[in-house]
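J.: Respectively, the protein sequence lines represent chains U and C.
Take any residue in the first sequence, note its place counting from 1, add 575, and you have its number in the numbering used here.
Take any residue in the second sequence, note its place counting from 1, add 575, and you have its number in the numbering used here.
Worth double-checking, as some hints may not be accurate.
Identical chains share a label here; the pair holds if one copy fits it or two copies do between them.
Cross-link-like lysine-lysine pairs, in silico, BS3-like; alpha carbons within 30 angstroms at most [said to hold, decoys possible]:
# : residue 1 : residue 2
1 : 665       : 729
2 : 729       : 617
3 : 665       : 579
4 : 729       : 579
5 : 665       : 617
6 : 738       : 579
Quick caveat, the hints were computed from the structure, so don't treat them as lab data.
Everything numeric in this text was worked out from a predicted model, so none of it was measured.
The primary structure of each chain is shown beneath.
2 protein chains.
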Amino acid sequence: MAGKTVCVFSGGMDSTTLLYHLLDISDEVLPVSFDYGQRHRKELEFAARTCARLGLSHRLVDIRGAGELLQGSALTSEEIPVPHGHYEDKSMRSTVVPNRNMIMLAIAGGWAVATGCRRLAVAVHAGDHAVYPDCRPEFILDFEAALQSGNYEKVEVYAPFLKWSKTDIVRLGLRLGIDFERDTWSCYEGGAEPCGRCGTCVERAEALAAAQRLK
Amino acid sequence: MAGKTVCVFSGGMDSTTLLYHLLDISDEVLPVSFDYGQRHRKELEFAARTCARLGLSHRLVDIRGAGELLQGSALTSEEIPVPHGHYEDKSMRSTVVPNRNMIMLAIAGGWAVATGCRRLAVAVHAGDHAVYPDCRPEFILDFEAALQSGNYEKVEVYAPFLKWSKTDIVRLGLRLGIDFERDTWSCYEGGAEPCGRCGTCVERAEALAAAQRLK
Numbered sequence: 576m577a578g579k580t581v582c583v584f585s586g587g588m589d590s591t592t593l594l595y596h597l598l599d600i601s602d603e604v605l606p607v608s609f610d611y612g613q614r615h616r617k618e619l620e621f622a623a624r625t626c627a628r629l630g631l632s633h634r635l636v637d638i639r640g641a642g643e644l645l646q647g648s649a650l651t652s653e654e655i656p657v658p659h660g661h662y663e664d665k666s667m668r669s670t671v672v673p674n675r676n677m678i679m680l681a682i683a684g685g686w687a688v689a690t691g692c693r694r695l696a697v698a699v700h701a702g703d704h705a706v707y708p709d710c711r712p713e714f715i716l717d718f719e720a721a722l723q724s725g726n727y728e729k730v731e732v733y734a735p736f737l738k739w740s741k742t743d744i745v746r747l748g749l750r751l752g753i754d755f756e757r758d759t760w761s762c763y764e765g766g767a768e769p770c771g772r773c774g775t776c777v778e779r780a781e782a783l784a785a786a787q788r789l790k
Numbered sequence: 576m577a578g579k580t581v582c583v584f585s586g587g588m589d590s591t592t593l594l595y596h597l598l599d600i601s602d603e604v605l606p607v608s609f610d611y612g613q614r615h616r617k618e619l620e621f622a623a624r625t626c627a628r629l630g631l632s633h634r635l636v637d638i639r640g641a642g643e644l645l646q647g648s649a650l651t652s653e654e655i656p657v658p659h660g661h662y663e664d665k666s667m668r669s670t671v672v673p674n675r676n677m678i679m680l681a682i683a684g685g686w687a688v689a690t691g692c693r694r695l696a697v698a699v700h701a702g703d704h705a706v707y708p709d710c711r712p713e714f715i716l717d718f719e720a721a722l723q724s725g726n727y728e729k730v731e732v733y734a735p736f737l738k739w740s741k742t743d744i745v746r747l748g749l750r751l752g753i754d755f756e757r758d759t760w761s762c763y764e765g766g767a768e769p770c771g772r773c774g775t776c777v778e779r780a781e782a783l784a785a786a787q788r789l790k
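One chain only, chain U, in its complex shape (with noise of 0.2 angstroms):
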């Protein structure tokens, strides 16, 4: 893909997979991630160290003004905890953080429109759908709309897993050498080890078998 992207990265296996595979397929990629006070404030520094490995300059926004607005999550309030179980259950809406994509694209298409990039990449996948509606395709749509009537450049958002499983994404990033283990980072909890039961530890596990099986 010609031309310079910027890509939405949170450190997490997905956004890492969308990494590896833009820098395969474009030609110059610039990764931002957010910091909004999450939980698992802890993606952060993998998302660092994966940009450090891959010499790419990394940009940190601090957002977390916002993210005090944005309370009632399991990601963003201390006091609510965050829920055990599979990544689809009913109980996983407590960990939708209102708005938050949104917030973060708007930010990086932003970016985009001020360094002459014509694409904006994200890694929502069909996995988050269930729970998350700003993963969906309508709102990747309607957000993408949005994107190009308010800005006088035509910036083109480019979600490539958007109909793809997590074990889709795994295996691909497999393909491209990706050490899941030591390069990712996935728990809500954010503590010193994952957990091994929230929703996205529980999903991790599961891709990662998955795509082993399939390999």
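Got chain U sorted already, so can you dock chain C onto it with the hints?
T.: Same frame as chain U, now just chain C:
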């Protein structure tokens, strides 16, 4: 209007009028302002003072980290001069901050969801359309679609001035008892006194004169 409304509030003429208008018709108004590193940060003091006078709690959100990414505008880059002349001149394009409205609306929209507000108010008006794509009706409609598809809760975007001129706004403001000279700030330079020559100073003076003539 029943229910609570989040209002994006800069402290300028348009959003001050919007705030007064909302107080006239709403059950509860939650004003929010943004520090994105704008040269005319002085407007934020006026915003805080107006909220204090009206007995409203005022949220000021620090997004200077995001503002740093949005360079290349006269409003965020010290080395780019603020253009003189008329508000609709082509030279005013250098005051466009990429995706600024979407970033502010995305955060304010997330806050609306988190606080159970059903309405998000913004003071964009027809005088902005020539220069700022993120003040045009297409953008407001596309943004509202994205806000609604990206969240479980349906928040409506209320932009009552979308087709009004600045003079229309000032007339309503005068009727609502606003002392624009004392209570609002417009100048893009943000110095001790308004410069009188930048687009927004010129627009302000013209609108005040026209509204006085029409009274």
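J.: With 30 angstroms as the alpha-carbon cut-off, assign the pair residue 729 and residue 579 to within, between, both or neither.
T.: within (13 angstroms within a copy, 35 angstroms between copies)
J.: As a check of your reading, is residue 729 near residue 617 (CA-CA no more than 30 angstroms) within one copy, between copies, both or neither?
T.: So residue 729 and residue 617 fail the 30 angstroms test inside a copy (34 angstroms) and across (32 angstroms) alike.
J.: Have a look at residue 738 and residue 579 and pick one of within, between, both or neither, based on CA distance no larger than 30 angstroms.
T.: Within one copy only: 24 angstroms inside, 37 angstroms across.
J.: Within a copy, between copies, both or neither: where do residue 665 and residue 729 come within 30 angstroms Cα-Cα?
T.: Result: close only across copies, 19 angstroms inter versus 37 angstroms intra.
J.: Up to 30 angstroms between alpha-carbons, please classify residue 665 paired with residue 617: within, between, both or neither.
T.: Only inside one copy: residue 665 and residue 617 sit 25 angstroms apart there, 46 angstroms across copies, limit 30 angstroms.
J.: Regarding residue 665 and residue 579, is the shortest C-alpha distance of 30 angstroms or less found within a copy, between copies, in both, or in neither?
T.: between (38 angstroms within a copy, 28 angstroms between copies)
Of the numbered hints stated above, the single one contradicted by the structure is hint 2.
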